[in-house]
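Please model the complete structure; the sequences and the hints are all you need to start from.
Protein sequences appear in the order of chains V and B. The opening residue of the first sequence carries number 1 in my numbering; numbering runs sequentially from there. The opening residue of the second sequence carries number 1001 in my numbering; numbering runs sequentially from there.
In silico DSS-like links for lysine-lysine, alpha-carbon gap of 30 Å or less: (1) B:Lys1117 <-> B:Lys1127; (2) V:Lys109 <-> B:Lys1150; (3) B:Lys1240 <-> V:Lys124; (4) B:Lys1282 <-> V:Lys11; (5) B:Lys1383 <-> B:Lys1408.
Since the hints were derived computationally from the structure, they do not count as laboratory data.
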Amino acid sequence: MQRSLNIDPIKCTGCLQCEMACSYENEGMFNPAKSRIRVFTFHDAGRFVPYTCTQCADAWCLQACPVDAIVLNRLTGSKDVIEDRCVGCKVCTIACPFGTVNYNQATGKVIKCDLCGGDPACAKACPTAAITYVDADQTGFDRMHAWAAKSLAGVAATA
Amino acid sequence: MSWTGKILRVNLASGAIAAEPLNPEWANLYLGQRGLATKYLCAEIDPACDALGAENKLIMATGPLTGTMASTGGRYSVVTKSPLTGCIACSNSGGFIGAELKNAGWDMIIFEGKAPKPVYLYVENGKAELLPADEIWGTSAWHADEWLHKRHQDPLLRISAVGRSAEAGCLYAGVMNDLHRAAGRSGVGTVMASKNLKAVAVRGTLGVGNIKDPIRFMQAVNAAKKVLADNAVTGQGLPKYGTQVLMNVINEMGALPTRNMREVRFEGANDVSGEAMHLPRKSDGKPNLTTNAGCFACTIACGRISTIDKGHFTVQNKPEYWGNSGGLEYEAAWALGPDTGVNDLDALTYANFLCNEDGFDPISFGSTVAAAMELYGMGAITKEDTGGVDFSFGSAEALAKAAEMVAKGEGFGKDLGLGSKRLCAKYGHPELSMTVKGQEFPAYDPRGIQGMGLGYATSNRGACHLRGYTVASEVLGIPVKTDPLVTEGKAGLVKAFQDATAAVDSSGLCVFATFAWTLEDIAPQIDAACAGSWTPETLVEVGERIWNLERDFNLRAGITAADDTLPKRLLKEAANAGPAAGKVNELAEMLPEYYTLRGWGADGVPTAETRERLRL
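Printed below as a string of structure tokens:
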């Protein structure tokens, strides 16, 4: 069964544990600037929103790469960058509609989320379960559950 | 290791900027942040100097765990000589700029001299330059933040800035960072503004990777995160209510200083409590509190993000205050509320927003307003002084107006910006100033919590709860419950809290984590990250060394044992209600024992033996 990162912004406190876990896993150091997941602060709204690659089934980045450096990981469904092949042309960073593939000037390659090979560090580090790693077909489960609870309340009120 | 090993030295007078190596021997003796910056300050300035003169220096310092994944590891401190107290000033802040500075490759920045014209420091990894700040001088810290992000076309910049209150000379102005976090106490922002330094903007992309034993570090970090998550205070109480969880608790035990500490219980406490911040308001059905927020790396997330009711008199036709911003923490809520007798949650939130926008300490501000209200009530201050404002206790209008005047340094705001001690002296009643060494009290009445009285009297930065939070033991039972009304054993308790806290404040971690963590949880994280050997015992020793170094600074600045005291009101006027009714603070029963435990003479001076033991 494939799993997806599932993000619930309402639970996020903006602590950046995910960014540090990501950079530590991938770069061997704590460095939010090199994280594949980013947390955005919407100050006026008082909200924090983590955002990262959704692993498109038909991925623009993969299609756009001229040297086949982005490949499908059949086990996890992630689209992974083969560093040895990447030439740093950045076409994938232009092709991605969501901005989740980015250039790393320290290495001359691009970086993107690869779900840590099926055990994403960001989800493990999140203290509030704002980021979870769930059945890829059930990312709406929590929201459906919440609406189901509301409809139950409606039934109870009219019963 | 874990330190970057680099200090940025900025001479504001000449514009010279230089990198220099961190003194590793001092790092081993003083750890980082509060301790290490104090060591540098003591070595480089005359403690008797004019705090607002060019000879004072200002240090922004991170700790070795700042910027790491250790929970709460995002702290930095601003260390300088205080213009409010004349003592050492060390104000600690969370948010994100501390970690950013570390990511840019710097352990600390030392500012010296005074710039001929307003400037800000721009740091981008190894590059640092002073740039003109004329366009943001005379504007708020919030405006400076917005302008700097636009000017550098970089939404990821992290910024510390001073507001208009600091520029106007308010003696309790802080250094704001990330809009609503603050190195808030003792006037560190006033010193920064006196140097014509408006802001520090930092972008760091180098990462923090210099960990001694990464595998052991991650094990220690994960174990410590679990301790925070499993603890009722750090795992549930603080995320839900913030420090405001205390408002009703402290009021119940009759230790909530009310109306300039005349009383110990506030009838409106519940109206301005953490619980009240969750209640839907009548106008739009939304609660004051939108969400909780974490500082960098913090898995507790006690921060409050709030809104003000758009229809409230303070923000009518002022849409700039209709969005979310940093909400009330307990100490701020107390100073702005119970101490002034105001029970209007929206008015308190508005005053708090202004404290953040223009960078002034809500504790000192609220306490000073409270003193002004008492003086007004007895006729020592009149409408002629206040610009026509009725300064009666309980007036939300006066509170809001006072905040507006202090923010801009206008009118009666000039007097209020002097702080309670100077204000009360100016109007002929120095005895009404609720301060120690010139700094205003926080939110725990020492008649009802005896140990806090000793803590306030001996705090190296004047009255303060964060130098030794014996409330943890005397009220919450952490690590063990002690009776708040007795003095026995409190000297040892205060010393233990002061020493441990000094070490935590020097690590990059947040003292709020110690609601759940002991040094047994903290030491393994430091030891796995840093060169050297770090145990709970070495941390206590480092903490005690720091405490004595700060004491030494204050003694050289002219402070004496006579300053280790409390206002007469707390020593002579008994609490009027609650469990502590009839009690005063029995400081005299505790102080001699404290000096003895500290290894100080009866004159409050560390003995030669103590100095040698601590390698001072």
